[in-house]
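Protein chains: 2
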Amino acid sequence: MNRPAECDPALQHGAPLAALRLRRLGIDTYQEPVAYLRSDCPVCKSEGFEARSRIEIWRGERHIVATLNVVHGPLIEMDQLGLSEAAWHALGGADGAPLRVAHARPVPSMSAVRAKIYGRPIGADAASAIVRDVVDGRYAEIELAALITACSGARMDLAETIALTRAMVAVGQRLRWDSEIVVDKHCVGGLPGNRTTLLVVPIVAACGLIIPKTSSRAITSPAGTADTMETLAPVALDLPAMRRVVEREGGCIAWGGAVSLSPADDLLIRVERPLGLDSDGLMVASVLSKKIAAGSSHVVIDIPVGRTAKVRSPQAAHALARRLEAVGREFGIRIEVMLSDGSQPVGHGIGPALEAWDVLAVLQNQSGAPDDLRQRALQLAARVLVMGGKAAPGEGLALARSVLDSGAAWSKLQAICAAQGGMRTPPRAAHTHVLAAQHQGRVIAIDNRRLAHLAKLAGAPKAPAAGLELHAPLGTLLGTGQPLLTLHAESSGELAYALSYAQAQDSLFTIQEAP
Amino acid sequence: MNRPAECDPALQHGAPLAALRLRRLGIDTYQEPVAYLRSDCPVCKSEGFEARSRIEIWRGERHIVATLNVVHGPLIEMDQLGLSEAAWHALGGADGAPLRVAHARPVPSMSAVRAKIYGRPIGADAASAIVRDVVDGRYAEIELAALITACSGARMDLAETIALTRAMVAVGQRLRWDSEIVVDKHCVGGLPGNRTTLLVVPIVAACGLIIPKTSSRAITSPAGTADTMETLAPVALDLPAMRRVVEREGGCIAWGGAVSLSPADDLLIRVERPLGLDSDGLMVASVLSKKIAAGSSHVVIDIPVGRTAKVRSPQAAHALARRLEAVGREFGIRIEVMLSDGSQPVGHGIGPALEAWDVLAVLQNQSGAPDDLRQRALQLAARVLVMGGKAAPGEGLALARSVLDSGAAWSKLQAICAAQGGMRTPPRAAHTHVLAAQHQGRVIAIDNRRLAHLAKLAGAPKAPAAGLELHAPLGTLLGTGQPLLTLHAESSGELAYALSYAQAQDSLFTIQEAP
Numbered sequence: 001m002n003r004p005a006e007c008d009p010a011l012q013h014g015a016p017l018a019a020l021r022l023r024r025l026g027i028d029t030y031q032e033p034v035a036y037l038r039s040d041c042p043v044c045k046s047e048g049f050e051a052r053s054r055i056e057i058w059r060g061e062r063h064i065v066a067t068l069n070v071v072h073g074p075l076i077e078m079d080q081l082g083l084s085e086a087a088w089h090a091l092g093g094a095d096g097a098p099l100r101v102a103h104a105r106p107v108p109s110m111s112a113v114r115a116k117i118y119g120r121p122i123g124a125d126a127a128s129a130i131v132r133d134v135v136d137g138r139y140a141e142i143e144l145a146a147l148i149t150a151c152s153g154a155r156m157d158l159a160e161t162i163a164l165t166r167a168m169v170a171v172g173q174r175l176r177w178d179s180e181i182v183v184d185k186h187c188v189g190g191l192p193g194n195r196t197t198l199l200v201v202p203i204v205a206a207c208g209l210i211i212p213k214t215s216s217r218a219i220t221s222p223a224g225t226a227d228t229m230e231t232l233a234p235v236a237l238d239l240p241a242m243r244r245v246v247e248r249e250g251g252c253i254a255w256g257g258a259v260s261l262s263p264a265d266d267l268l269i270r271v272e273r274p275l276g277l278d279s280d281g282l283m284v285a286s287v288l289s290k291k292i293a294a295g296s297s298h299v300v301i302d303i304p305v306g307r308t309a310k311v312r313s314p315q316a317a318h319a320l321a322r323r324l325e326a327v328g329r330e331f332g333i334r335i336e337v338m339l340s341d342g343s344q345p346v347g348h349g350i351g352p353a354l355e356a357w358d359v360l361a362v363l364q365n366q367s368g369a370p371d372d373l374r375q376r377a378l379q380l381a382a383r384v385l386v387m388g389g390k391a392a393p394g395e396g397l398a399l400a401r402s403v404l405d406s407g408a409a410w411s412k413l414q415a416i417c418a419a420q421g422g423m424r425t426p427p428r429a430a431h432t433h434v435l436a437a438q439h440q441g442r443v444i445a446i447d448n449r450r451l452a453h454l455a456k457l458a459g460a461p462k463a464p465a466a467g468l469e470l471h472a473p474l475g476t477l478l479g480t481g482q483p484l485l486t487l488h489a490e491s492s493g494e495l496a497y498a499l500s501y502a503q504a505q506d507s508l509f510t511i512q513e514a515p
Numbered sequence: 001m002n003r004p005a006e007c008d009p010a011l012q013h014g015a016p017l018a019a020l021r022l023r024r025l026g027i028d029t030y031q032e033p034v035a036y037l038r039s040d041c042p043v044c045k046s047e048g049f050e051a052r053s054r055i056e057i058w059r060g061e062r063h064i065v066a067t068l069n070v071v072h073g074p075l076i077e078m079d080q081l082g083l084s085e086a087a088w089h090a091l092g093g094a095d096g097a098p099l100r101v102a103h104a105r106p107v108p109s110m111s112a113v114r115a116k117i118y119g120r121p122i123g124a125d126a127a128s129a130i131v132r133d134v135v136d137g138r139y140a141e142i143e144l145a146a147l148i149t150a151c152s153g154a155r156m157d158l159a160e161t162i163a164l165t166r167a168m169v170a171v172g173q174r175l176r177w178d179s180e181i182v183v184d185k186h187c188v189g190g191l192p193g194n195r196t197t198l199l200v201v202p203i204v205a206a207c208g209l210i211i212p213k214t215s216s217r218a219i220t221s222p223a224g225t226a227d228t229m230e231t232l233a234p235v236a237l238d239l240p241a242m243r244r245v246v247e248r249e250g251g252c253i254a255w256g257g258a259v260s261l262s263p264a265d266d267l268l269i270r271v272e273r274p275l276g277l278d279s280d281g282l283m284v285a286s287v288l289s290k291k292i293a294a295g296s297s298h299v300v301i302d303i304p305v306g307r308t309a310k311v312r313s314p315q316a317a318h319a320l321a322r323r324l325e326a327v328g329r330e331f332g333i334r335i336e337v338m339l340s341d342g343s344q345p346v347g348h349g350i351g352p353a354l355e356a357w358d359v360l361a362v363l364q365n366q367s368g369a370p371d372d373l374r375q376r377a378l379q380l381a382a383r384v385l386v387m388g389g390k391a392a393p394g395e396g397l398a399l400a401r402s403v404l405d406s407g408a409a410w411s412k413l414q415a416i417c418a419a420q421g422g423m424r425t426p427p428r429a430a431h432t433h434v435l436a437a438q439h440q441g442r443v444i445a446i447d448n449r450r451l452a453h454l455a456k457l458a459g460a461p462k463a464p465a466a467g468l469e470l471h472a473p474l475g476t477l478l479g480t481g482q483p484l485l486t487l488h489a490e491s492s493g494e495l496a497y498a499l500s501y502a503q504a505q506d507s508l509f510t511i512q513e514a515p
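Read top to bottom, the protein sequences are chains A and B.
Numbering-wise (this note's numbering), the first sequence opens with residue 1 and increments by one.
Numbering-wise (this note's numbering), the second sequence opens with residue 1 and increments by one.
In case anyone wonders, no lab produced these hints; they're calculated from the structure.
Because the structure is a prediction, the values reported are computed rather than measured.
One or more of the hints may lead you astray.
Restraint-style ranges between C-beta atoms, simulated for each label pair [unchecked claim]:
id, chain 1, residue 1, chain 2, residue 2, range
1, B, Pro108, A, Thr432, 32 to 40 Å
2, A, Gly96, B, Glu513, 34 to 42 Å
3, B, Ala319, A, Gln315, 53 to 61 Å
4, A, Asp157, B, Asp125, 49 to 57 Å
With a straight-line Cα cutoff of 30 Å, these simulated DSS-like cross-link-like pairs (lysine-lysine) come out [said to hold, decoys possible]:
id, chain 1, residue 1, chain 2, residue 2
5, A, Lys310, A, Lys462
6, A, Lys310, B, Lys45
7, B, Lys462, A, Lys462
8, B, Lys462, B, Lys310
9, B, Lys45, A, Lys45
10, B, Lys310, A, Lys45
Think of the CB as a built atom: it goes at the ideal place given N, C-alpha and C, for glycine as much as any other residue.
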């Protein structure tokens, strides 16, 4: 985010900018850069800064845009400019470093967002300008929210989706591989426990395909694929490290946030998720910009469909599938979509390490391994193997199964973990507690949302061993006192806290008494 | 925002909530309530709080919803919950007061906002739920931004506008008057210097009409009508005080923020303005909810039309007018719309006191009084007088002029000021500087946006005497060295700062050299 000196605000309007000194305040505002100035400091008064002014901060040639908070009283000194963690990470510098500030210019591309809100489609130039300003940190969060809202519902057509996807690819890095066929898989809308990536990647890599997979960390859920993988191996690889792993083993499972293949997407998601808005256009641009940047040629996309899943009806799934395929064609990528059952969690564990144990059980062909996780992974791997030319149509499943059953996939995951920096044993929680059925009967409903909340109260994903194990999936016939789930926590306090929450819920499991 | 004890979060799920102590941090985040907790404090860990979590904070039975910032390091103590100014004003309490916290429930009415984004109109129940949650402070700013975006452009129909207006009236107080005819005037989209309210109110009150006028303070401009009136008299009246003034003098000019006749509107505007979005539906609900709550029966609305005004074309103005009239009919209010010239500032002064001096010059019939301000006010007053039955159609202008020329309006403004708490003389700035033309020629363009910015750099509206006086309106023929404007500031630093900005601009005035 360097800019030539003629944009220096002091030169722009000749104003005598007062000197300020950097102070890292240690305030984590999540990803929004915030700056703090004393209300009675001269620069605040002379610039006419107020709470919520958007200001541009310069440290030498580096600069950022931040939202201002005004401080009354002694929290900071008169000549200090306090920085939130996000602001400090973007600007850098040590305490005391000299800074200059000015009003930030209005975001130029917001006029294109307003035009979109008033009904004009986003063209290629507008998409580029918007994505560039987003990546430069010029959008305030309410402006990001307006952008996302304007693109939600059915408001983005195919041409806009393509324009946005292209713009998102253009602002990031793009990988190229020697192989003509580079495969990938993606799941739209996470089901708890649905860690097929950790099975599909070793299966298809063991068959000789190239699969440079990046995954996300949890944002609102108890575990993301990157969090689960991190209990087995380091995931914060940079691009050269990721390339080395893939060139050696054919595949990797890296944290997407570290390689930043589609940096605009990371910034949009931070506002999109808490708003809970769905947009086929944004989702397709988000998914495919990352796949295009990763250099993929063939991608299988899993769309779980269910009442509590992201995609709620087969109709919605088909519309999304058509959009994915059409945008993929535009960029020369072949997309195949697979609809799957999204009605309940997958596997036994919820939480990073507990989900990793499920994955290991499947790879090691343990007798108690969760069969639903195994079957989903085999289906996906089969599609990838056929797309990638490693199996004839109809023979992918047999190949995937043989690679899993023979232990070749398990060897491959160990090799990938070693290449990513060394395999680890997932941690086990020091504190556990079994919740039992209060009366006999059959499990007819499970509240996934509350189970996810319970796993988070127990400490997941920050405490990697925390979470819960489900013992009673839908349809289980239980006697009084039989186990429903086991809570796992790394501290007794967190266990007690999660337990008191669990005991106050009467609808985690709905058990219908047998007549 | 009190709630019965059964909503106490500790009782809701039986969790052992840790005790925290209140700490007012003095951080002004504008109107968004923010709370601060140490990242390593037990409650943060056990509740799974993170930066940006929405949390509910209880002090006894009072409670608020706030956005969490997480603090690393010693800025606050382990057992303290820091509050931003907005959070502290809403929750109250002294440093050290015991507080309890829990995750805030998701905002229930956001589902109606999402439905609107996906294309379903906002019905009466949804409008009520949304407005109630907004007034209860449950919406985060990004959620407010999504709501406003979803209602912008041409996306609200008449039925939705009526539903929203009704909901906004229902959550606030509503005034009733003995008179059947209660008049009001309103200007949509402020032109700098357009202080007709301070003339129309005394003219029509002097004729015996009831006009309980509320006005806003500046949000992004150098002066709001309430800021200008405040240089003449107190404006922060509560409802009983406002009623006393109107019962005694027939009219008042009070700050709307103090009487809170449409509290939802105040909260929406704080996000609407910085986004710069226009929505006929939101604008109509905003204006009319306040007029209905104030008990008005007949309202004249001024819509300035111009390239840099809020409404840019006669077509847009007519559509807005039809919507205003239709919603007015629904609530039994008669609305008359007047389109006016919105191409340049009104009067000489920009800034609270300077605009007040313009008003006084017109009321006192001074020879140098700005005639454009006088004529606009007379036109508006004439319409109000005819609507209110004080003049026959076609005779309103003569009546308004006679009341102004006779000094009756001037006497009435003095009486209103006395009733509001005592008339003041507007302050004069200690520091002034004249900017002169660099070459001869005719003024063919004035950059209103930069002039407004200049007045703010000089200190307006916080420094009420600050701002600028225009000496060269459009069409003025100037000789080299003749004055363009005079800067006014309360401190020499602010004057120097504004001056250096002004001198670096080459387009405040465009002067075409005469051949």
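Against the structure, the hints:
{"no.": "1", "hint": "B:Pro108 x A:Thr432: 32 to 40 Å", "in the structure": "35 Å, holds"}
{"no.": "2", "hint": "A:Gly96 x B:Glu513: 34 to 42 Å", "in the structure": "52 Å, violated"}
{"no.": "3", "hint": "B:Ala319 x A:Gln315: 53 to 61 Å", "in the structure": "36 Å, violated"}
{"no.": "4", "hint": "A:Asp157 x B:Asp125: 49 to 57 Å", "in the structure": "32 Å, violated"}
{"no.": "5", "hint": "A:Lys310 x A:Lys462", "in the structure": "24 Å, holds"}
{"no.": "6", "hint": "A:Lys310 x B:Lys45", "in the structure": "28 Å, holds"}
{"no.": "7", "hint": "B:Lys462 x A:Lys462", "in the structure": "46 Å, violated"}
{"no.": "8", "hint": "B:Lys462 x B:Lys310", "in the structure": "24 Å, holds"}
{"no.": "9", "hint": "B:Lys45 x A:Lys45", "in the structure": "39 Å, violated"}
{"no.": "10", "hint": "B:Lys310 x A:Lys45", "in the structure": "29 Å, holds"}
Checked against the numbered hints given earlier, this structure breaks hints 2, 3, 4, 7 and 9; the rest are met.
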